[in-house]
Amino acid sequence: MKIRRILVSAAAALLLFGCQKQDVSLMPQKADETIVNQDGEKLKTSSLEQGHIRLQLSEEMTELAETDPDAFIQLFAELGVKSVSRTFPDAGKFEKRTREAGLHRWYDLYFDEEIPLTKAGEELSVIDNLGYVEYRPKMVRIASEDVTWRSGSQANSGNIVQTAQTDIFDDPMLPKQWHYYNNGSTYGTRSGCDINVIPVWKNKSTGSSDVIVSVVDGGIDFNHEDLAANMWHNPDKTGQMIYGYNFVKKNFVVEPESHGTHVAGTVSAVNNNGIGVSGVAGGNMAKNIAGVRLMSCQIFIEGSKESGSGAEAIKWGADHGAVISQNSWGYEDEQRTTVPRSDRDAIDYFNQYAGVDENGNQVGPMKGGVVIFAAGNENRDFGAPAAYEGCIAVASVAANFRRAGYSNFGDWVDLSAPGGDVETGPAVLSTLPGNKYGSYQGTSMACPHVSGVAALIVSAVGGPGFTRDMLINRLLSNTTSLVKYGVRDIPGLVNAYGAVAGASTVPPEQVTTVETSVSSNKVHFKVKIPKDKDDGSPYGISAYYSTESFKTVEGVECQNFQVEDLVAGDFLEGDIVDLQFNKKYYIAFDAYDLSLNHGPISQVIQLTTGPNAKPVIECDVPLEHVVVRTFETKVFNMSYYDPDGHDLTVSFEDNSGGAASFHESGKAGQGRIQIDGKGAPDGHYEFKFKVEDRYGAADSIVVPYVIKPNTPPVKIKDIDNLVFGAQNENLTLNLADYFYDEDGEPLAIKCTVSDNNVVNLAPTTNNTVFVTALMFGTADVTVSVTDAMNETVSSSFKVLVRDSSQPFDIYPNPVTDGNLYIRSGDATSAKVVVSSPSGAVVFNEAVSTDAFSPAVIDLSKCASGVYSVKIIGTSETINTTIVNIHND
Amino acid sequence: MIRRILVSAALLLSAFAAGAQSVPFVNIADNSRRMALGGADAAYSASKILDDSYKGSADATYMMWQPQALGNNLILADGYFKLADKFALAAGGRFNMYKPIDVMNEQGNPGASFTPSEYMAFLGFHFAAADNLAVMANAKMISSSIAPKYAGQAFAADLAVAYDIDGLTIAISARNLGTKLSYSKTVQNNLPMTVLLGAEKTFEFGDNALDLALDAGYMPLHSCMVAKAGAEFSIQRIFDIRAGYHFGSNKAVEPSYASVGIGANVNVLRLGFAYFIAGGDSPLKNTLAFSVGARF
Chain R
1 MKIRRILVSA AAALLLFGCQ KQDVSLMPQK ADETIVNQDG EKLKTSSLEQ GHIRLQLSEE
61 MTELAETDPD AFIQLFAELG VKSVSRTFPD AGKFEKRTRE AGLHRWYDLY FDEEIPLTKA
121 GEELSVIDNL GYVEYRPKMV RIASEDVTWR SGSQANSGNI VQTAQTDIFD DPMLPKQWHY
181 YNNGSTYGTR SGCDINVIPV WKNKSTGSSD VIVSVVDGGI DFNHEDLAAN MWHNPDKTGQ
241 MIYGYNFVKK NFVVEPESHG THVAGTVSAV NNNGIGVSGV AGGNMAKNIA GVRLMSCQIF
301 IEGSKESGSG AEAIKWGADH GAVISQNSWG YEDEQRTTVP RSDRDAIDYF NQYAGVDENG
361 NQVGPMKGGV VIFAAGNENR DFGAPAAYEG CIAVASVAAN FRRAGYSNFG DWVDLSAPGG
421 DVETGPAVLS TLPGNKYGSY QGTSMACPHV SGVAALIVSA VGGPGFTRDM LINRLLSNTT
481 SLVKYGVRDI PGLVNAYGAV AGASTVPPEQ VTTVETSVSS NKVHFKVKIP KDKDDGSPYG
541 ISAYYSTESF KTVEGVECQN FQVEDLVAGD FLEGDIVDLQ FNKKYYIAFD AYDLSLNHGP
601 ISQVIQLTTG PNAKPVIECD VPLEHVVVRT FETKVFNMSY YDPDGHDLTV SFEDNSGGAA
661 SFHESGKAGQ GRIQIDGKGA PDGHYEFKFK VEDRYGAADS IVVPYVIKPN TPPVKIKDID
721 NLVFGAQNEN LTLNLADYFY DEDGEPLAIK CTVSDNNVVN LAPTTNNTVF VTALMFGTAD
781 VTVSVTDAMN ETVSSSFKVL VRDSSQPFDI YPNPVTDGNL YIRSGDATSA KVVVSSPSGA
841 VVFNEAVSTD AFSPAVIDLS KCASGVYSVK IIGTSETINT TIVNIHND
Chain L
1 MIRRILVSAA LLLSAFAAGA QSVPFVNIAD NSRRMALGGA DAAYSASKIL DDSYKGSADA
61 TYMMWQPQAL GNNLILADGY FKLADKFALA AGGRFNMYKP IDVMNEQGNP GASFTPSEYM
121 AFLGFHFAAA DNLAVMANAK MISSSIAPKY AGQAFAADLA VAYDIDGLTI AISARNLGTK
181 LSYSKTVQNN LPMTVLLGAE KTFEFGDNAL DLALDAGYMP LHSCMVAKAG AEFSIQRIFD
241 IRAGYHFGSN KAVEPSYASV GIGANVNVLR LGFAYFIAGG DSPLKNTLAF SVGARF
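For the record, the sequence lines run as chains R and L. For what it's worth, the working numbering labels the leading residue of the first sequence as 1, then goes sequentially. For what it's worth, the working numbering labels the leading residue of the second sequence as 1, then goes sequentially.
Treat the hints loosely; a few may be bogus.
Unchecked claim - Some chain L residues near chain R, calculated using beta-carbon distances under 10 angstroms: (1) Gly111; (2) Asn190; (3) Arg295.
Unchecked claim - In silico DSS-like pairs for lysine-lysine, Cα to Cα no more than 27 angstroms straight-line: (4) R:Lys870 x L:Lys149; (5) R:Lys831 x L:Lys201; (6) L:Lys99 x R:Lys831; (7) L:Lys185 x L:Lys48; (8) R:Lys870 x L:Lys99; (9) R:Lys522 x R:Lys667; (10) R:Lys870 x L:Lys55; (11) L:Lys149 x R:Lys861; (12) L:Lys185 x R:Lys831; (13) R:Lys708 x R:Lys667; (14) R:Lys708 x L:Lys185; (15) L:Lys180 x R:Lys861; (16) L:Lys82 x R:Lys861; (17) R:Lys717 x R:Lys831; (18) L:Lys48 x R:Lys861; (19) R:Lys634 x R:Lys522; (20) L:Lys99 x L:Lys48; (21) R:Lys870 x L:Lys285; (22) L:Lys251 x R:Lys831.
Just so you know, these hints were derived from the structure itself, not from any lab. Glycine included, C-beta positions come from ideal geometry on N, C-alpha and C.
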């Protein structure tokens with residue numbers, strides 16, 4: 001009865017399609033058009049796949065599809081349907097649980113891409129009891145490339161120094177993988193901003209081949225020199241079809257792709273093989289320990305926007321043995337606020353059925369799976385599918401503990417991991433196809449760090465009875481907090497050691513070797529670090545102290561000290577501070593691991609603290625009769641210390657309004673007091689310098705000082721005009737002969753020359769000016785001296801550079817403005833006769849001349865032509881010719 | 001009425017007069033004979049066509065002009081040839097070479113040197129309007145380059161009329177009537193225009209002769225009177241002794257000086273030498289010239 005009613009409805013729908021054929025005709029879709037899905041969310045059609053709609057069929061419609069596929073397809077005939085098929089194909093032995101999860105009801109409908117989605121949606125809405133219509137968003141990889149290192153290249157190698165920490169493996173690029181061990185030695189990095197995986201490799205695990213990670217991404221380069229040994233092999237296939245599945249081309253041949261290969265390398269590049277990089281869970285080849293296995297679930301192809309079904313790929317991983325699903329992909333629509341239902345169903349399936357056989361029994365290292373998603377790179381408070389609560393969303397941290405500028409954020413994010421940020425520092429280094437290596441940044445790169453750590457945890461502690469909830473609890477409960485770095489919009493940084501060792505059950509051994517010394521209210525100790533059976537070394541040492549004797553540490557005050565890079569057998573030194581003065585104390589120590597398992601306490605030591613001594617202030621010069629002129633800056637180097645070693649607080653007061661100030665030098669207990677007379681009003685002042693420890697013991701000095709007024713410089717006399725008789729002649733002006741400053745301060749000398757080609761004036765440091773004649777000519781020069789208060793006085797003079805072998809300079813030639821000048825080096829007189837070309841004498845007079853007052857001969861009434869000039873001087877006679885230019 | 005117009009024109013021209021004249025080398029006499037006669041040549045120059053004893057003549061002269069002042073070297077050449085009894089053509093030119101000058105800027109700094117130079121070329125026409133009446137006209141091109149960026153040309157004409165009364169030749173001529181010498185768009189100079197009234201007569205004493213020449217002139221652009229007088233005594237028509245005086249009323253425009261000279265005539269050839277005698281600070285001291293010529 002039910003089937004018949006559906007058929008009738010379908011027939012009616014067919015009729016309706018037939019009647020509305022015109023409406024279904026090809027119509028261009030507007031770029032900014034939106035469509036509302038059945039969850040009430042508005043979606044931009046430009047962000048959706050065209051010609052593709054995913055359907056979650058009703059039970060009745062599912063029955064029709066399975067019992068009468070032809071009739072089912074006919075429902076969509078008017079849409080130009082190309083194919084209709086299950087989103088999650090028949091899963092063979094897992095089909096039963098597939099159907100239990102309802103995944104058999106999902107169908108992908110492919111139709112003519114020219115038909116607008118809005119129109120297709122309208123047509124589907126009239127099919128009675130069809131089910132849920134899901135418009136498919138376009139998928140994208142979530143990363144951007146930074147720089148590619150070719151194999152063997154030194155490019156962009158940075159200045160990271162190989163350390164004892166990274167010596168654990170011989171992979172040559174491990175020292176550059178700051179995301180595993182960051183000692184802050186590279187620009188843009190901060191020590192400790194890593195996933196703290198080195199202690200896990202040393203003490204816990206390097207990965208296990210029992211653990212399979214499905215990489216839902218571009219295809220992994222399964223032949224890569226640094227990946228091949230850790231690739232998963234499909235037991236049901238042979239040859240090139242064993243590494244996973246290609247969901248784009250719907251076959252078993254995986255095609256290498258950059259993004260997927262990079263992600264895979266972070267999870268499980270082969271460790272300690274003397275090649276390339278390290279992976280988080282890549283095993284230890286030198287010790288024949290295989291890493292976690294990489295299953296390639298390919299949904300992207302190199303250089304193509306074509307994509308496969310992410311949901312199908314996630315489920316496929318669960319059905320083929322993966323317990324961790326690594327997903328560095330998302331959707332193109334940056335306004336989307338929901339996660340598609342089919343994705344959510346696939347994630348739920350993986351979470352429930354990964355690591356479990358068709359009968360519900362655990363067969364993998366973990367019961368249930370974990371789906372890990374990159375949060376997205378849009379710098380916004382949402383990301384899909386990452387925001388779905390069924391998966392672990394991973395944000396990206398730069399190498400300096402700050403959220404990467406591109407990373408999505410918000411309460412829905414579960415973890416952070418290093419993803420790099422080239423705006424502030426390095427990106428993440430990993431494998432690339434063709435035996436290459438390179439750096440990418442993005443939450444895509446952060447995500448596989450979490451997948452790798454999850455795989456490490458499962459490798460270390462997985463096995464029968466280990467569940468996905470245990471894994472998630474370890475991952476999320478043992479992170480490195482970012483709050484102290486001011487980062488509050490994403491959660492803590494994944495901490496591999498914390499997550500793996502967080503389940504330690506064996507406490508460290510007893511502390512047996514202790515040395516102590518007392519200084520005031522501080523006890524300095526030196527403790528030999530005991531062994532920790534399951535962790536190798538304890539995480540820290542607790543120092544217990546009480547004024548009363550104790551045998552157990554309950555209720556006893558303590559201070560904790562992390563051992564950091566020290567290991568068992570090393571000595572940890574520290575100070576127990578803030579004890580009471582002059583008091584008898586009982587002190588003991590124990591060691592603890594990351595799970596806060598404390599070992600037995602040491603022997604209790606009895607000692608007595610000392611008194612609180614007053615801080616001490618010292619100055620490099622006597623602070624007496626301090627006089628500062630307004631041009632002066634006087635500096636007093638101060639040192640101060642507390643005999644007990646307590647931290648000191650410095651205070652400084654000055655009543656001049658700012659003339660005196662205190663500046664810390666950067667070295668503890670050192671600084672300088674500076675009195676700057678510049679700009680300060682003259683008068684009598686004092687400053688007070690005080691140092692005080694936190695317990696109130698203090699020392700201070702009060703220093704009176706005087707600021708005396710400034711006296712401007714004055715001019716004693718003007719500088720005489722200078723005559724040079726040849727080029728390159730020089731002389732030195734001693735400015736003390738011309739200027740005087742009562743304050744005796746150094747004066748700034750400034751020389752201004754009208755023509756720098758004629759003469760050069762070079763001030764020296766000993767209050768002189770070196771004057772050099774450069775070429776014949778004249779120049780106007782001003783020499784100014786300025787004191788520290790910008791009071792200036794100056795003297796101007798002329799400089800003449802001439803050829804002294806010529807008794808007279810006769811210029812200009814030609815004469816163009818009617819005046820002919822006759823100049824001599826020294827003051828003299830001469831008779832001048834100027835005759836015209838016709839022989840007429842046009843000027844015949846005695847004249848006086850010197851270097852800066854030349855005689856002027858008026859030729860303004862004389863016609864143009866060549867004139868003879870005869871100068872009869874006191875000692876010689878000059879005959880020459882000049883040209884006069886005149887306009888009648 | 002005409003006289004009043006002439007006076008007005010002279011006053012107007014004098015308003016533009018400068019204290020010296022440009023390109024004065026164009027006013028120097030043609031050869032050493034005329035130089036030795038104080039430059040008096042107005043009647044002779046205009047009446048050549050009336051002398052029927054020769055078909056033509058040619059002369060070349062080298063002159064050291066103001067040798068102690070400007071130190072110029074002046075080369076002059078001219079020729080005259082009768083095409084018919086009443087027609088003759090004349091042509092010639094002169095080249096004035098100066099010593100190099102040192103270019104100096106406004107601050108007295110030396111620059112490159114420059115060598116000024118000037119030249120003039122003319123083509124003349126002589127016509128005997130009657131047995132005792134001659135007219136003459138010359139067309140001239142004058143070029144002067146005196147300094148970098150200051151070079152120019154001018155075009156001018158000489159006009160003259162001569163009348164012979166029983167061996168006394170009287171002539172009137174106007175010289176250098178023409179354009180301004182344009183050195184640049186803003187520098188233009190007048191030519192040394194001169195109006196001359198001249199007379200010349202030869203007294204013969206057997207094989208000897210005495211030639212007297214007198215010019216009186218006016219330079220309207222400079223409001224300057226000028227007079228030239230000279231005498232030549234010829235012995236046996238072979239040797240000549242010459243003396244003259246050149247008078248300039250405005251010494252700032254046209255200097256005064258005395259001149260002497262000698263000449264020799266051998267068949268068609270003639271040689272000549274002239275020397276200027278100037279006093280005081282006159283740069284014309286020791287100016288001299290040599291000529292060689294031919295009559296045919």
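Straight-line alpha-carbon gap L:Lys48 to R:Lys861, limit 27 angstroms: Judged against 27 angstroms, a Cα distance of about 39 angstroms means the pair is violated.
Restraint check for R:Lys708 with R:Lys667, where alpha carbons must lie at most 27 angstroms apart: 33 angstroms, violated
Proposed proximity, R:Lys522 with R:Lys634 (alpha carbon, max 27 angstroms): Violated - the C-alpha atoms of R:Lys522 and R:Lys634 are around 38 angstroms apart, more than 27 angstroms.
Pair hint outcome, R:Lys870 versus L:Lys99 [Cα-Cα no greater than 27 angstroms]: 15 angstroms, holds
27 angstroms Cα cutoff - pair L:Lys82, R:Lys861: 44 angstroms, violated
Straight-line alpha-carbon gap L:Lys99 to R:Lys831, limit 27 angstroms: OK: L:Lys99 and R:Lys831 at ~23 angstroms, within 27 angstroms.
Given hint R:Lys667 paired with R:Lys522 - CA-CA distance at most 27 angstroms: 22 angstroms, holds
Restraint status (C-alpha distance of L:Lys185 to R:Lys831 at most 27 angstroms): Distance of about 36 angstroms is beyond 27 angstroms: violated.
Distance restraint between L:Lys99 and L:Lys48, which requires alpha-carbon spacing of 27 angstroms or less: 36 angstroms, violated
Proposed proximity, L:Lys185 with R:Lys708 (alpha carbon, max 27 angstroms): With Cα atoms ~69 angstroms apart, R:Lys708 and L:Lys185 exceed 27 angstroms; violated.
Interface restraint verdict for L:Arg295 against chain R (beta-carbon cut-off 10 angstroms): 30 angstroms, violated
Satisfaction of hint between L:Lys48 and L:Lys185, Cα-Cα up to 27 angstroms: Since the Cα atoms of L:Lys185 and L:Lys48 sit roughly 40 angstroms apart, the hinted pair is violated (cutoff 27 angstroms).
When held up to the earlier numbered hints, the structure conflicts with 3, 5, 7, 10, 12, 13, 14, 16, 17, 18, 19, 20 and fits the remainder.
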